[in-house]
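Trainee: What follows is the residue order along each chain.
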Amino acid sequence: MNVGILTFGYLLFSVVSFAASASEKRFLIRLSVFIGTCLLIFHVGSIFWRGLEAGRWPFTNTYETLVLFAFITLLIYLATFRRHRFVIVGGFVGLIAAVLLALTSLLSSEIEPLIPALKSNWLLFHVTSAFIGYSAFALGTACAIPALTPGRGNQDIRERWMEWADRMIAFGFPFLTLGIATGAVWADQSWGRYWNWDAKETWAFVTWIVYAVYLHLERSGESSFLQRAAVALLGFATVMFTYFGVNFWLSSLHAAYA
Amino acid sequence: MKPFSLSAANLLLFLLALCAAVGTFPLFPRALYSTPAFLLLLSYFFFGAVFRAARKTFSLLRGPAKAGAPFFEKNGFREIPLGRDLSLKPELIHFVRRRRGRVTLVRKEEREAVFVSKNGWGEWGSVLIHLGFALLLLGGLATFLFARVEEVSVPEGEAVSLPGEAAKIRLEKFDVVLDPSRRVSSDYVSHLLIEERPGKLVRKELRVNHPLFVGKTKLFQMRYQTEILWADLMLYSGREPLERIRIKPGERKTLARLPMKVELGEVMPDFVMGLEGKAGSRSNYFENPAVRIRLYDSADSRNPTKEQWAFQDLLLHEGEPETNFRFVMERLKKRYVSGIRLSRDPGVPAAYGGFVLLVAGTFLASFLPPFYLYFEPLPGAQGEGAPCRLWVSGRGAVGRSRQLFKEFQKETAGIVGGEIP
Numbered sequence: 001m002n003v004g005i006l007t008f009g010y011l012l013f014s015v016v017s018f019a020a021s022a023s024e025k026r027f028l029i030r031l032s033v034f035i036g037t038c039l040l041i042f043h044v045g046s047i048f049w050r051g052l053e054a055g056r057w058p059f060t061n062t063y064e065t066l067v068l069f070a071f072i073t074l075l076i077y078l079a080t081f082r083r084h085r086f087v088i089v090g091g092f093v094g095l096i097a098a099v100l101l102a103l104t105s106l107l108s109s110e111i112e113p114l115i116p117a118l119k120s121n122w123l124l125f126h127v128t129s130a131f132i133g134y135s136a137f138a139l140g141t142a143c144a145i146p147a148l149t150p151g152r153g154n155q156d157i158r159e160r161w162m163e164w165a166d167r168m169i170a171f172g173f174p175f176l177t178l179g180i181a182t183g184a185v186w187a188d189q190s191w192g193r194y195w196n197w198d199a200k201e202t203w204a205f206v207t208w209i210v211y212a213v214y215l216h217l218e219r220s221g222e223s224s225f226l227q228r229a230a231v232a233l234l235g236f237a238t239v240m241f242t243y244f245g246v247n248f249w250l251s252s253l254h255a256a257y258a
Numbered sequence: 001m002k003p004f005s006l007s008a009a010n011l012l013l014f015l016l017a018l019c020a021a022v023g024t025f026p027l028f029p030r031a032l033y034s035t036p037a038f039l040l041l042l043s044y045f046f047f048g049a050v051f052r053a054a055r056k057t058f059s060l061l062r063g064p065a066k067a068g069a070p071f072f073e074k075n076g077f078r079e080i081p082l083g084r085d086l087s088l089k090p091e092l093i094h095f096v097r098r099r100r101g102r103v104t105l106v107r108k109e110e111r112e113a114v115f116v117s118k119n120g121w122g123e124w125g126s127v128l129i130h131l132g133f134a135l136l137l138l139g140g141l142a143t144f145l146f147a148r149v150e151e152v153s154v155p156e157g158e159a160v161s162l163p164g165e166a167a168k169i170r171l172e173k174f175d176v177v178l179d180p181s182r183r184v185s186s187d188y189v190s191h192l193l194i195e196e197r198p199g200k201l202v203r204k205e206l207r208v209n210h211p212l213f214v215g216k217t218k219l220f221q222m223r224y225q226t227e228i229l230w231a232d233l234m235l236y237s238g239r240e241p242l243e244r245i246r247i248k249p250g251e252r253k254t255l256a257r258l259p260m261k262v263e264l265g266e267v268m269p270d271f272v273m274g275l276e277g278k279a280g281s282r283s284n285y286f287e288n289p290a291v292r293i294r295l296y297d298s299a300d301s302r303n304p305t306k307e308q309w310a311f312q313d314l315l316l317h318e319g320e321p322e323t324n325f326r327f328v329m330e331r332l333k334k335r336y337v338s339g340i341r342l343s344r345d346p347g348v349p350a351a352y353g354g355f356v357l358l359v360a361g362t363f364l365a366s367f368l369p370p371f372y373l374y375f376e377p378l379p380g381a382q383g384e385g386a387p388c389r390l391w392v393s394g395r396g397a398v399g400r401s402r403q404l405f406k407e408f409q410k411e412t413a414g415i416v417g418g419e420i421p
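Here the protein sequences come in this chain order: A and B. Numbering-wise, the numbering used here puts 175 at position 175 of the first sequence, and it's gapless, one number per residue. Numbering-wise, the numbering used here puts 13 at position 13 of the second sequence, and it's gapless, one number per residue.
Hints are supplied without guarantee of correctness; some may be wrong.
Claimed, not checked - Calculated cross-link-like contacts (lysine to any residue; reagent style SDA-like; alpha-carbon spacing at most 25 Å):
#1 B:K410 with A:D156
#2 A:K119 with B:F286
#3 B:K333 with B:D175
#4 A:K119 with B:K173
#5 B:K306 with B:G339
#6 A:K119 with B:V189
#7 B:K410 with A:E163
#8 B:K410 with A:E159
#9 B:K168 with B:E112
#10 B:K218 with B:L201
Derived from the structure by calculation, the hints contain no laboratory data. Note that the structure is a prediction, hence the values are computed from the model and not measured.
From just these sequences and the hints, can you work out the full model?
Mentor: Structure, rendered in structure tokens:
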């Protein structure tokens, strides 16, 4: 029920944000921020409640990580909104979050006890770091998409969007690195090998490489908006494949978890 | 394209990503990751990362301020001719210090320049990232060449020697700790008696996610199996016990009281009858055990004349005549077999070191993006009123450099002209 309310809330947030961006009316922008803030509070309460019921951190399966993903994406957006004021990005955030939460309807929401392999302090660090990274990349991609709009008159705006895409991706990259590193250490503690070329590990590495290329392009100062935006889109596609594709199509030690 | 240039690195990074991704699909063998071509690709990155880290370190130790214009041109700085002179120096210094930047006055060939830097430490992030990646690859190579990982199955009561060690381990007892819901296991615990060397015995518990060290070998609790050793069955006629028999799985024994032979078939730890009438097990835990009993007319008959499930209680179905013969499982003797992984991996310290440097480097580079302003007279210009130019860092923090420059323009009430290209 909570997830249903949240899904509806995010859709509403998305609609209001797009309307605010199109009309540039102050009232709508403030309404968008207000709805986003209410959603954030309700969402964190929902996660907290599930954690209390389960007696553990609620980040251990696909259902719970989908909820977490949506939450962190909104959190980062609202935390940075005052600086960038790209309310259109809020529209994309609302849509992304609504889709993620809608996907939970395909999964069981039952609270399952943890299997022995997941009983580790590394769970918290590994999962939260990885999803902070994923959420930042989602926002970076949302900022990069408008930069692809054609038209010479939009140069300044495109520059600003790409600057924020750069910042979001630069913010997410260390967290993805931390997620991979903590995952490797945990794998070493649990399975005796820090790297198995497991499908999940490998695709996380592929994601890391794509964003490393992005940052190389950004730091060189010689790449065009189109090049960076294309790499940002490719990077987000690898994030989605790492998160979903591996679980459903490839055999992996992670497949049973998230 | 130079071999260790950024363009070459980006191209080969994409190639690495493609190869790594392809290897995850079922049609392609996992052995792709051990092929000479893949290893060659990784070795390129090792040498490239070391080269980049070394070059950057020399450049940073030398210092951008001392290098002057050649450094800025090479590192993508943007030049802004200002048409103003160095009398703006006090305003610039004041402006920078209020923003906690660092000001260095540089004297070159009797000309004075002002070098402004902020978050200079962030430049070292790139060095750490490349060094960390190189160290990680080195650790990976050591693992690939020298690591020994194997799994042993140790039944309760038995011992195994650890390869490469003088030590032995004996599994005294194995526990499956169930979650209070009793639907999943909470932990697996191997109670080990370890003989580290002759005469030195120590007892330790091996749990999932809590490895043990025995000498240089690391032990990991992985999985377990259950072996059924035998079952004690009681034959009933109605409610009257007739005969007790002890039988092993797959064994066929003759009954004394009936002209039949009995065989012990499969064991269901947590018996449940499905909707289609098919027997199954809800879990691997012995919550409601049942064994399949097959009865044969003679020793050599292939097909059983009757099959039934034996439980721990005597069950009579409604309407069935009580003269039927039934078996009750009085005792089921089982033994756990613990799956333990043994690992000796000399690559672990280097890999861990690599991860630490990678994480530190990425945080440093991302959260302390360095940016610079270099304020110097134009070449050939001399004296107090000589026109100047400003170099603004173009890499990594173009936006912030632009922002800083615009703030400086605003502070000097627009006296400073120019636009960042």
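Trainee: Next step is simple, just say for each hint if it's right about the structure.
Mentor: Okay, the hints, checked on the actual structure:
1. B:K410 with A:D156: Judged against 25 Å, a Cα distance of about 20 Å means the pair holds.
2. A:K119 with B:F286: holds, 23 Å
3. B:K333 with B:D175: holds, 15 Å
4. A:K119 with B:K173: holds, 22 Å
5. B:K306 with B:G339: violated, 37 Å
6. A:K119 with B:V189: holds, 13 Å
7. B:K410 with A:E163: holds, 22 Å
8. B:K410 with A:E159: Given pair B:K410, A:E159 holds - Cα atoms ~21 Å apart, limit 25 Å.
9. B:K168 with B:E112: It is violated: about 74 Å lies between the C-alpha atoms, which goes past 25 Å.
10. B:K218 with B:L201: Holds, at about 17 Å.
The structure shown violates the earlier hints numbered 5, 9.
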